[in-house]
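Trainee: Given next are the chains, with one letter for each unit.
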Amino acid sequence: MALAAVLLVIPIIALMWVPSYTSDAPELWGFPFFFWYQFLWVFICSALTWTAYKLTLSARGLSSHKVGDDR
Amino acid sequence: MTPHVTLMASDTSGINGVALAVLIVLFLLVTVAGFMASRFKRAESLESLDEWGLGGRKFGTWITWFLLGGDLYTAYTFVAVPAAMFATGAVAGFFAVPYTIVLYPIIFIFMARLWSVSHRHGYVTTADFVRGRYDDRGLSLAVAVTGFVATMPYIALQLVGIQAVLEVAGLGGGDNIIAKDAPLFIAFALLAAYTYSSGLRAPAVIAFVKDILIYLVIIVAIVYLPGQVGGWDAIFGAAEEKMATTNEATGAPTGSFIPGAGQGWAYATLALGSALALFMYPHSITASLSSSSRNTIRRNAAILPAYSFVLGLLALLGWVAIAAGTQPIGLDGEPNAQLVIPQLFEDMFPAWFAGVAFAAIAIGALVPAAIMSIAAANTFSRNIYKEWLKKDATPAQEAKVSKLMSLLVKAFALIFVLTLDKQNAINFQLLGGIWMLQTFPVIVFSLFTRWFHRYGLLVGWAVGMVYGTVGAYNVKNPVTGKAFGGSLDNIPGIGELGYIALTAFVINVVVATALTVAFRAANVSNGRDETIPFDYFADADDPRVQKDLTEHAHHGDAYGDPDDIPGNAPAR
Numbered sequence: 460m461a462l463a464a465v466l467l468v469i470p471i472i473a474l475m476w477v478p479s480y481t482s483d484a485p486e487l488w489g490f491p492f493f494f495w496y497q498f499l500w501v502f503i504c505s506a507l508t509w510t511a512y513k514l515t516l517s518a519r520g521l522s523s524h525k526v527g528d529d530r
Numbered sequence: 032m033t034p035h036v037t038l039m040a041s042d043t044s045g046i047n048g049v050a051l052a053v054l055i056v057l058f059l060l061v062t063v064a065g066f067m068a069s070r071f072k073r074a075e076s077l078e079s080l081d082e083w084g085l086g087g088r089k090f091g092t093w094i095t096w097f098l099l100g101g102d103l104y105t106a107y108t109f110v111a112v113p114a115a116m117f118a119t120g121a122v123a124g125f126f127a128v129p130y131t132i133v134l135y136p137i138i139f140i141f142m143a144r145l146w147s148v149s150h151r152h153g154y155v156t157t158a159d160f161v162r163g164r165y166d167d168r169g170l171s172l173a174v175a176v177t178g179f180v181a182t183m184p185y186i187a188l189q190l191v192g193i194q195a196v197l198e199v200a201g202l203g204g205g206d207n208i209i210a211k212d213a214p215l216f217i218a219f220a221l222l223a224a225y226t227y228s229s230g231l232r233a234p235a236v237i238a239f240v241k242d243i244l245i246y247l248v249i250i251v252a253i254v255y256l257p258g259q260v261g262g263w264d265a266i267f268g269a270a271e272e273k274m275a276t277t278n279e280a281t282g283a284p285t286g287s288f289i290p291g292a293g294q295g296w297a298y299a300t301l302a303l304g305s306a307l308a309l310f311m312y313p314h315s316i317t318a319s320l321s322s323s324s325r326n327t328i329r330r331n332a333a334i335l336p337a338y339s340f341v342l343g344l345l346a347l348l349g350w351v352a353i354a355a356g357t358q359p360i361g362l363d364g365e366p367n368a369q370l371v372i373p374q375l376f377e378d379m380f381p382a383w384f385a386g387v388a389f390a391a392i393a394i395g396a397l398v399p400a401a402i403m404s405i406a407a408a409n410t411f412s413r414n415i416y417k418e419w420l421k422k423d424a425t426p427a428q429e430a431k432v433s434k435l436m437s438l439l440v441k442a443f444a445l446i447f448v449l450t451l452d453k454q455n456a457i458n459f460q461l462l463g464g465i466w467m468l469q470t471f472p473v474i475v476f477s478l479f480t481r482w483f484h485r486y487g488l489l490v491g492w493a494v495g496m497v498y499g500t501v502g503a504y505n506v507k508n509p510v511t512g513k514a515f516g517g518s519l520d521n522i523p524g525i526g527e528l529g530y531i532a533l534t535a536f537v538i539n540v541v542v543a544t545a546l547t548v549a550f551r552a553a554n555v556s557n558g559r560d561e562t563i564p565f566d567y568f569a570d571a572d573d574p575r576v577q578k579d580l581t582e583h584a585h586h587g588d589a590y591g592d593p594d595d596i597p598g599n600a601p602a603r
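Read top to bottom, the protein sequences are chains A and X.
So the number in the numbering used here is just where the residue sits in the first sequence, counting from 1, plus 459.
So the number in the numbering used here is just where the residue sits in the second sequence, counting from 1, plus 31.
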């Protein structure tokens, strides 16, 4: 579960760190870096979130919880 | 979505007959679909909030995907984000992309807990949850009123989206106020009628049509248009050139091509603040709670970014319009940046496809407007009507009040748009985003802990609301000098421009924390909690929840605490 949390925090930190991507170069298919880099994060974030989802599913499957259990 | 736009301006030349005909045909198609939607996943009766207002809580992954996508990415977004790109560039417009990326990890973290606890206790709104968590009517009312008031101008802005399309298609001219606004009036009357009869099922069905049209139009636009204006190099070149020119009114550059030094904070805080606030809105919660299991939400957090990708492409269409030399002039002869996307479509596409594109935007307004009015109505009937006005209301009476209220809020939105300057709706929408974020600690922190004291949260909320409202009022429009000129202000202690909502949020949390320490030290009661830890993990596959589901299927009993666990607060 801790790993899932890390996966979810990665895109937030990456995108909040704006100076790391406010540049023109390198261009990709005519797009300045600033733009294609953020489009790329759409896919990375989606993959990370899906992985986190799978991790929470397997964590849930392993423990048989009872009423009142806090996990 | 909360675009932050400085208005500029659009020229339309007469009625575009073919485009208008296509628009009308597609519009009638979804109207029929809206009325027939009550048969979709049909229940025995629609006379309860679970059925009318949450579609029976049984929407699976794909329906939820369409519904949430149709709900969050509104017509106003489709009009205003490229308009902001066109007028002032990347800081005001493209922040929508990181905003809608970081949104999903954030909701992944808390929405499943909200789903589970709502499912166990029959909560329909976030204010219901707050009421159950602290047994505090005041705190619950604060959340309910914030949500209700912030949603109203948002509904009005959906009308602004439809108006933009109609204006470019050539409708809405003339001096006669009735003839001028008749098309908008008819569109909204139809929307109100099928929302009333079909409830949340209507936008769920229409969302399919809307999203397919939107994807189609944007993909065609992004493949076809750049070639027409000289390719992406020419587009980015034209945008860079325009943003670097000096704005005569302010003496500053027109806008930002890529956020420069000192604009990073603005870009990041706009994205983060908007992302935190979006799922506090009642319409986001309504669409989330209508899903059939807690994992539906989490799966959707992974697949909803497809819309963010499309939104990014759409934002860039604002710059395609710069390269294409689009002149958005309204019917009143004044420039209006809000018209830039419909105008671009009319200029560049064959008339019939421009009609499809107009329909995509107009229908795109109906889905969020329907869900927002349902959500606002649910909030009213649950947390104001039943809580304060008629405590012994039955589920059928609640649903009745909700249905009537959904008509009232739409009527209010229509009057708002028709009688007041559009800028008022935009100002209130800007304030709405700031206000919604102030309910985040009450709702989301409380999903994880009861450490925070209810009175601390209430005072923190109040301080955040006042700071945010005053802060936004004090931002003057650099051209007109009017209040509510934008959503950026100096962040105290950092000295950079940042999103006012996020500054207010930080102050809110600091106040809530400090007062919590004080109230806890003074042993002031923190209310009674009717939830137990297990409530936050329950899923549809759990035997206890299945029992719960079966009980809910009959809708015979009054709402209350259905879990029969001793030590809980009694049923209301």
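Among the hints, erroneous ones may be present.
[To be verified] Now the stretches of chain A that chain X is said to cover, found in silico as 3 or more residues with beta-carbon under 8 Å:
1) 468-475
2) 487-500
3) 507-516
[Unchecked claim] From the derived model, a few chain X residues whose C-beta atoms are all more than 10 Å from chain A:
4) 66
5) 128
6) 168
7) 213
8) 246
9) 266
10) 275
11) 302
12) 326
13) 329
14) 330
15) 339
16) 379
17) 500
18) 546
19) 559
Hints were generated in silico from the structure; no laboratory data involved.
For glycine and all other residues, C-beta sits at the position ideal for the given N, C-alpha and C.
Trainee: Are the hints correct? Go through all of them and say.
Mentor: Here is how each hint holds up against the structure:
1. 468-475: holds (count 5)
2. 487-500: It holds: at least three residues are needed, and the stretch 487-500 of chain A offers 9 whose Cβ sits within less than 8 Å of chain X.
3. 507-516: holds (count 7)
4. 66: holds (36 Å)
5. 128: violated (5 Å)
6. 168: holds (27 Å)
7. 213: Its Cβ never comes within 10 Å of chain A, the nearest being 41 Å, so this holds.
8. 246: holds (15 Å)
9. 266: Violated, because the least Cβ-Cβ distance between residue 266 (chain X) and chain A comes to about 8 Å, which does not exceed 10 Å.
10. 275: holds (13 Å)
11. 302: violated (7 Å)
12. 326: violated (7 Å)
13. 329: violated (5 Å)
14. 330: Non-interface label fails for residue 330 (chain X): nearest chain A Cβ at 6 Å, not farther than 10 Å.
15. 339: For residue 339 (chain X), whose nearest Cβ neighbour in chain A is about 5 Å away, the distance does not exceed 10 Å, so it is violated.
16. 379: holds (19 Å)
17. 500: holds (26 Å)
18. 546: holds (26 Å)
19. 559: The claim stands: residue 559 (chain X) keeps its Cβ more than 10 Å from every Cβ of chain A (closest is about 18 Å).
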